[in-house]
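Number of protein chains: 4
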Amino acid sequence: MEINGVKIDDTFAEAFPCWVSSALVTAVSRNWAQKISIEATGFATSCIGCAAEAGVDYYVPPDTTPDRRPGYSIMICNPSKKKLKEQVLERLAECVLTAPTAAVFNGIPTAEEKIPVKLHFFGDGYERQVKVGNRDCWAIPTMGGEFICEEEYGIVKGVAGGNFFIMSDNQMSALMGAEAAVEAIDGLPGAITSFPGGIVASGSKVGSSKYKFMGASTNEVYCPTIRGKIPSTKVPEGINAIFEIVIDGVSVESVNTAMREGIEAACGVPGVKIISAGNYGGKLGPYQIKLHDLFK
Amino acid sequence: MEINGVKIDDTFAEAFPCWVSSALVTAVSRNWAQKISIEATGFATSCIGCAAEAGVDYYVPPDTTPDRRPGYSIMICNPSKKKLKEQVLERLAECVLTAPTAAVFNGIPTAEEKIPVKLHFFGDGYERQVKVGNRDCWAIPTMGGEFICEEEYGIVKGVAGGNFFIMSDNQMSALMGAEAAVEAIDGLPGAITSFPGGIVASGSKVGSSKYKFMGASTNEVYCPTIRGKIPSTKVPEGINAIFEIVIDGVSVESVNTAMREGIEAACGVPGVKIISAGNYGGKLGPYQIKLHDLFK
Amino acid sequence: MEINGVKIDDTFAEAFPCWVSSALVTAVSRNWAQKISIEATGFATSCIGCAAEAGVDYYVPPDTTPDRRPGYSIMICNPSKKKLKEQVLERLAECVLTAPTAAVFNGIPTAEEKIPVKLHFFGDGYERQVKVGNRDCWAIPTMGGEFICEEEYGIVKGVAGGNFFIMSDNQMSALMGAEAAVEAIDGLPGAITSFPGGIVASGSKVGSSKYKFMGASTNEVYCPTIRGKIPSTKVPEGINAIFEIVIDGVSVESVNTAMREGIEAACGVPGVKIISAGNYGGKLGPYQIKLHDLFK
Amino acid sequence: MEINGVKIDDTFAEAFPCWVSSALVTAVSRNWAQKISIEATGFATSCIGCAAEAGVDYYVPPDTTPDRRPGYSIMICNPSKKKLKEQVLERLAECVLTAPTAAVFNGIPTAEEKIPVKLHFFGDGYERQVKVGNRDCWAIPTMGGEFICEEEYGIVKGVAGGNFFIMSDNQMSALMGAEAAVEAIDGLPGAITSFPGGIVASGSKVGSSKYKFMGASTNEVYCPTIRGKIPSTKVPEGINAIFEIVIDGVSVESVNTAMREGIEAACGVPGVKIISAGNYGGKLGPYQIKLHDLFK
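Chains Y, R, C and F, in that order, give the protein sequences.
For the first sequence, our numbering gives the first residue as 208, with consecutive numbering after it.
For the second sequence, our numbering gives the first residue as 208, with consecutive numbering after it.
For the third sequence, our numbering gives the first residue as 208, with consecutive numbering after it.
For the fourth sequence, our numbering gives the first residue as 208, with consecutive numbering after it.
Hints are computed from structural coordinates only; laboratory data are not their basis.
Only a predicted model underlies this, so the values are computations on that prediction, with no experimental measurement involved.
Misleading hints may appear alongside valid ones.
Reference listing, derived: stretches of chain F covered by chain R, where coverage requires no fewer than 3 residues with Cβ under 8 Å from a Cβ of chain R [to be verified]:
(1) 229-237
(2) 270-281
(3) 385-396
(4) 472-479
In the DSS-like style, the derived pairs of lysine-lysine whose C-alpha atoms are separated by at most 25 Å in a straight line are [unchecked claim]:
(5) 338/Y - 436/R
(6) 417/F - 338/C
(7) 292/C - 419/F
(8) 338/C - 419/C
(9) 338/Y - 412/Y
(10) 419/C - 412/F
(11) 419/R - 292/Y
Negatives, chain C to chain R, calculated, CB over 10 Å [as the list claims (entries may be wrong)]:
(12) 214
(13) 223
(14) 245
(15) 297
(16) 319
(17) 321
(18) 364
(19) 376
(20) 382
(21) 384
(22) 445
(23) 476
(24) 478
(25) 487
(26) 495
Glycine included, every Cβ here is placed at the ideal spot set by N, Cα and C.
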């Protein structure tokens with residue numbers, strides 16, 4: 208199968224269940240809502256080494272937010288519900304409550320399951336309950352004015368680790384292809400790419416052959432610069448760079464859509480040669496997203 | 208004392224010793240170096256609730272980086288040397304090693320004390336030693352190409368918690384004054400403002416009167432909206448918003464310079480009325496930075 | 208009438224017919240499409256002194272552009288059809304044809320009236336006709352590759368000079384109110400704000416009392432700093448800054464929507480006191496947009 | 208000659224004398240100073256089709272501007288002193304005077320030659336003379352507050368058309384190489400790259416073989432996609448994309464420095480193969496900048 212002359216491998220991405228929470232961060236300007244959202248979702252690339260996977264999901268214009276101010280929907284994910292609870296609390300407390308003009312609302316009001324995020328204790332008794340739009344909120348006095356927040360955040364059983372590879376003979380082509388993919392995914396509600404700029408340069412395998420104390424190490428079969436030294440290399444002939452897009456989403460459908468739009472965008476970039484995906488032979492993850500099925 | 212018609216309170220900022228590390232993150236473009244640096248320093252506003260305080264320090268043009276590519280100097284801080292070590296390792300491993308075209312170098316080569324950051328184990332034996340500029344580095348094969356890094360990072364005993372307050376009758380004036388302060392500090396090597404957009408909206412006191420389980424809570428004496436309810440309020444007459452700039456630096460001099468430049472910039476914004484600072488009566492922190500002394 | 212405590216004056220904006228063209232600029236990345244669009248619509252604030260009024264209208268994601276790449280819709284306006292033709296040709300030739308990876312398509316394919324923009328002559332005979340999506344295009348060989356363009360651009364009789372004023376006792380509040388208004392208008396297809404950052408600081412009157420050679424001069428009745436010297440001042444008591452949002456749109460409906468969304472957003476910013484609008488007593492412009500009617 | 212494995216052609220860039228003016232635009236924030244500067248230098252890629260060549264030169268921090276606010280130095284260029292005068296007047300009047308919180312100062316106070324830019328007439332007699340820093344300025348009442356400006360702007364006999372070519376087998380490599388070059392030049396005072404994003408994709412020759420009414424047309428000898436049809440092609444074997452960086456500067460030294468820094472940066476991008484430059488055999492321009500001499 209080909210798209211725009213780019214070969215789409217007949218393989219699948221293997222993905223995993225993951226708890227996903229969402230919060231809507233608003234502020235006096237779009238610029239401020241964005242700065243706050245970026246801080247709150249920073250240092251959150253992979254649950255292998257970070258306490259969460261997180262990202263800015265999409266812009267929410269003022270006419271659809273509870274307080275009629277511009278906002279961004281952010282997503283925070285963790286396979287463990289307990290750790291997710293801790294992370295949502297800490298990230299909202301440290302990076303949103305502290306920020307100028309910020310407010311934060313439940314991003315999935317329709318979710319059946321909710322986690323408590325009791326920010327109002329920060330008010331030390333001076334906080335008060337208020338209704339904002341149709342939401343039950345707390346108004347906490349701060350030096351800057353008042354901080355407004357909801358205290359229950361919907362969570363859903365979503366999907367982590369949706370992915371695809373972008374391969375080229377040329378590193379800059381692969382990079383621009385990956386950037387195009389991330390841009391296409393950026394605007395899609397319900398899916399994030401948690402790595403820096405949305406792109407993974409150093410895909411890993413579980414464990415390490417040489418350093419037994421390592422939980423993860425470079426996936427040498429996909430490393431172009433050492434292809435000659437790896438008999439079982441999976442780097443196709445002529446490929447010199449491979450970037451991976453890793454997607455977390457609120458549902459399999461969200462991840463599918465993000466993969467499809469991302470792959471199509473990457474295939475529009477000159478020099479991109481092959482699209483593939485990462486899996487463990489289907490042994491680990493319950494979700495197997497076949498690349499070819501995305502375009503049926 | 209007044210600057211540009213703005214009253215400078217006769218008070219001091221109380222600051223604390225803190226271990227400070229610095230890393231120089233480079234990439235194929237300035238834009239990528241910046242994205243990576245922002246991710247690596249995210250979720251790091253205050254050591255009260257985050258595992259570190261961190262921020263992007265300043266842009267380093269290609270003609271002065273070891274690999275002649277554009278870079279950003281980032282700063283990661285923690286009062287505990289042990290925790291700092293962990294955080295530098297994790298943030299570089301999760302947010303820089305994973306990023307497309309990234310490399311990372313010791314940001315304080317002249318420091319007497321160094322911490323090890325052994326990223327080369329990720330290479331699983333396929334890594335090799337290389338010289339980049341005059342630096343001893345590792346080249347680790349990745350899917351995207353090669354990741355280049357040093358493995359020793361200089362740390363210095365710096366200063367955390369340098370601060371000043373920007374007060375106005377009008378919230379937007381105080382906010383723009385704070386933004387001007389942050390912009391002025393942005394370009395100064397050796398000092399960062401770790402909060403979202405560099406500004407703190409919710410200054411806190413230690414503990415809580417009402418909720419004994421809280422380690423910190425709103426500093427009600429500086430909250431304008433409840434001034435009428437707080438007999439000991441420190442909110443001056445006519446002030447309706449107070450934003451705080453908190454600065455970490457490699458030295459007292461760096462923090463002093465950042466405070467001076469930041470205060471001057473804030474005083475140029477229409478509507479800013481008073482500059483003050485936060486302290487604990489001099490009981491806790493060994494550094495007392497008098498605002499008036501900054502302008503002698 | 209009040210919105211969120213902000214007084215809405217019982218007045219109207221007076222607007223004028225204007226020819227409006229639209230082009231869809233695409234590129235290999237969203238970032239490049241945006242840079243090119245900004246250059247192509249620069250130096251185009253007001254037809255009083257510029258050769259056109261122009262602006263970036265809205266982002267068009269790759270799944271809805273003819274070449275499946277990210278794009279921006281830009282708008283170029285002039286009351287004179289002849290001048291509009293010249294400006295569209297020059298701006299596309301100088302700022303889009305010259306730009307890396309750019310392509311440009313007719314932004315209003317449904318328009319009855321079209322203007323020719325014969326860029327293919329640049330190909331000096333080496334150009335060739337191609338079909339992109341369902342569009343008839345030219346592919347012109349360039350040093351960078353190929354430039355793709357359509358050569359007929361739809362124009363419609365739109366509206367120029369839709370406007371409203373944002374007033375505050377404090378300049379920074381008025382500015383942040385104006386920024387919020389521009390952000391709300393930014394995403395609305397069919398309407399642009401052509402001034403720097405979308406905001407006018409120096410509203411003008413026709414001619415000049417003192418300097419007869421001037422075609423326009425400061426509108427002293429709306430200048431807060433000289434209120435005391437102008438017996439006929441229209442600056443309300445307590446107002447110290449007034450910023451104006453000027454809107455051009457493809458239709459009265461587009462301008463109405465932009466005014467409504469912009470005003471609502473401005474009214475959400477702390478310290479904004481009054482919303483008003485500019486008119487010539489209804490003597491000059493055929494369109495009279497009553498502020499109160501926008502919210503019926 | 209090679210840099211980092213990239214071949215540097217033994218050729219020269221041919222450049223021309225050009226009048227260069229500079230203005231320092233300040234505003235309440237760096238963000239606003241930048242937005243205004245971009246608008247004021249828009250639609251100004253090449254004097255072939257635009258009324259000027261213009262660009263944002265570099266950021267000026269608040270501690271070195273006359274009004275102690277953040278600013279950007281912008282450059283406006285034209286071979287004709289008369290046209291330059293018109294353009295500086297119009298661009299400052301339409302894009303700076305109109306902008307919120309803007310002020311503008313002479314960017315080359317040391318220049319022997321000055322042009323008048325009489326903005327104060329806009330004040331209609333309500334303007335007043337003020338001293339800002341050590342500059343003689345006018346304060347013009349506006350709706351937003353007061354607009355501050357100098358009225359004499361230094362001009363110097365500078366250089367236009369400094370240039371180099373970045374060639375690769377792969378379009379994305381050439382593009383990223385060109386971006387790296389522009390980033391390196393961005394910070395250098397005294398030199399601008401006036402095209403969109405600083406890069407020219409469609410280098411032209413004088414006149415046209417087929418369409419006699421055209422003043423300029425595609426430079427077919429440098430077009431990779433039609434190499435096979437052009438016996439005299441100058442596209443080297445294996446090259447599929449060529450981007451050009453065109454530089455205007457206040458002096459030959461500024462252009463030399465910009466070319467050197469830009470070329471070095473481009474040579475650091477993977478996949479860039481050859482650096483060359485454009486000339487007319489030395490027949491037209493008095494300046495011949497040899498690439499090899501830049502690195503002696």
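Hint-by-hint comparison with the structure:
| no. | hint | result |
| --- | --- | --- |
| 1 | 229-237 | holds (count 3) |
| 2 | 270-281 | holds (count 5) |
| 3 | 385-396 | holds (count 5) |
| 4 | 472-479 | holds (count 4) |
| 5 | 338/Y - 436/R | holds, 22 Å |
| 6 | 417/F - 338/C | holds, 24 Å |
| 7 | 292/C - 419/F | holds, 21 Å |
| 8 | 338/C - 419/C | violated, 55 Å |
| 9 | 338/Y - 412/Y | violated, 49 Å |
| 10 | 419/C - 412/F | violated, 46 Å |
| 11 | 419/R - 292/Y | holds, 21 Å |
| 12 | 214 | holds, 17 Å |
| 13 | 223 | holds, 33 Å |
| 14 | 245 | holds, 16 Å |
| 15 | 297 | holds, 30 Å |
| 16 | 319 | holds, 42 Å |
| 17 | 321 | holds, 38 Å |
| 18 | 364 | holds, 39 Å |
| 19 | 376 | violated, 8 Å |
| 20 | 382 | violated, 7 Å |
| 21 | 384 | violated, 8 Å |
| 22 | 445 | holds, 13 Å |
| 23 | 476 | violated, 7 Å |
| 24 | 478 | violated, 5 Å |
| 25 | 487 | holds, 31 Å |
| 26 | 495 | holds, 32 Å |
When held up to the earlier numbered hints, the structure conflicts with 8, 9, 10, 19, 20, 21, 23 and 24 and fits the remainder.
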